[in-house]
Every structure is written in C-alpha cells, then in structure tokens.
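Use the sequences and the hints to build the structure in full.
Numbering that gives the first Met the number 0 numbers the first residue of the sequence shown as 0 and each following residue consecutively.
Wrong hints could be hidden among the right ones.
[Claimed, not checked] Derived BS3-like pairs (lysine-lysine); straight-line CA-CA distance at most 27 Å:
hint, residue 1, residue 2
1, LYS24, LYS109
2, LYS156, LYS24
3, LYS156, LYS109
4, LYS109, LYS28
5, LYS156, LYS28
Quick caveat, the hints were computed from the structure, so don't treat them as lab data.
On a predicted model such as this, the values are computed, not experimentally measured, just so you know.
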Amino acid sequence: MRPEDIVFATVMLPLLGAALAFCAKLLPKGRVASVVEYTGALVGLGLPPLVLILLFPVVFSGQSVSGVVGQWFVGIGITFRFDALAWLVNILGFTIGAAAWVYSLGAGPKGPAFTGVFLIQTAALCATIMTTDLFNLFVCLEIMGITSYVLIPTSRKAGATLASFSYLMVSASAMVFFLLGTYGFY
0 MRPEDIVFAT
10 VMLPLLGAAL
20 AFCAKLLPKG
30 RVASVVEYTG
40 ALVGLGLPPL
50 VLILLFPVVF
60 SGQSVSGVVG
70 QWFVGIGITF
80 RFDALAWLVN
90 ILGFTIGAAA
100 WVYSLGAGPK
110 GPAFTGVFLI
120 QTAALCATIM
130 TTDLFNLFVC
140 LEIMGITSYV
150 LIPTSRKAGA
160 TLASFSYLMV
170 SASAMVFFLL
180 GTYGFY
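Next up, the structure:
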C-alpha cells in the first residue's frame, strides 16, 4: 500500500470514531452505549498512531507524502503534504488527546457528545498540519474553533458559557483579519 493511500487515515479515523460516538448518543444509556462510545474513542484516538507508525520510515527518511484529495487537479483539489513535522504534530496531538480524553472520564466532561466533538477537533488538528493552501487552512481552523465553542461549556462550571461566547467573539474577529489577509494574498 502506498503512503499516499493511508496518510488521510489520520483524519478519517477520528471522524469515524466521532460518528460511532454520536451513534452511542442515540442508544439508551447503559453498557451498549458505553461500549460503542469507547469503541469510537479507540478508533479515533488509538488507531491513527498505528497509521503514523507505518508512515514513520517514509517521512523520517527525508521524503514527504503529498497529493490531491479526490484525484483532482492541483489548482482545484484539496492538496496536502505530510512530512516529518506533520508526523510529529500528529503524534503529539494523538498522545495528548488520548491522555486528555482518559482524564475527562473521571474528572471532566464526559459522554458520547463530548467524545464526538473532541474527536472532530482532533481530526481538524490533523488536517490543519497537512494542508498546503490558505483556504483549507481557514476551514480547518474554523472547525477547531467551532468545536472549541462547543467543548468549553461542557465543563458545566460557572462562567463557562460566557467564556465560550467571549472566545467566539475574539476568534471571529481574528478570522476576519485572516480572511482579509488571504484576500490580499490572492
């Protein structure tokens, strides 16, 4: 199997895990729902590091994996580049993400909705480091921002909703400047 064929598994597996976690939300609370949620977390946080292990020899031999999603032309499709820096950021993201998710089981917000949104944010992090164009970088940053707005109030602490709204306003202002800069660049 070519590295180009498996590199996007680091983005797709967390999304598949998020879908499983949201399916667990549809099930009645109990053992089956918990098993489906934990399976989603395992798929989203446990399997991508295995893909990264497969990609280790390629990226640390000085090569990079690049291509276009969907076999489109370079100027039209979503282009990506996966190199040693992307590998390091991904392994760091999955390691810290898995530790944070396990910690949240006992001390923080929990449940299938939290797990699903958390996995979407993890997928957006992976996509952000692999993108090679400004528009897709903007989309990935927006996905990370939107999931943050949702995850902040899940702590149920006093002021969490206000903090989420404040973050939304600051982030929206920053994204306006990012878009203006992108417009000026193009």
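Verification of the supplied hints:
The straight-line distance between the Cα atoms of LYS24 and LYS109 is roughly 12 Å, inside the 27 Å bound, and the hint therefore holds. Between the alpha carbons of LYS156 and LYS24 the distance comes to roughly 22 Å, so the proposed pair stays at or under 27 Å and holds. Among the hinted pairs, LYS156 with LYS109 is consistent with the structure: their alpha-carbon atoms are about 14 Å apart, no more than 27 Å. Our distance criterion of 27 Å between C-alpha atoms is met by LYS109 and LYS28, whose separation comes to about 13 Å.
Pair hint LYS156 plus LYS28 holds up; C-alpha atoms about 24 Å apart against a cutoff of 27 Å.
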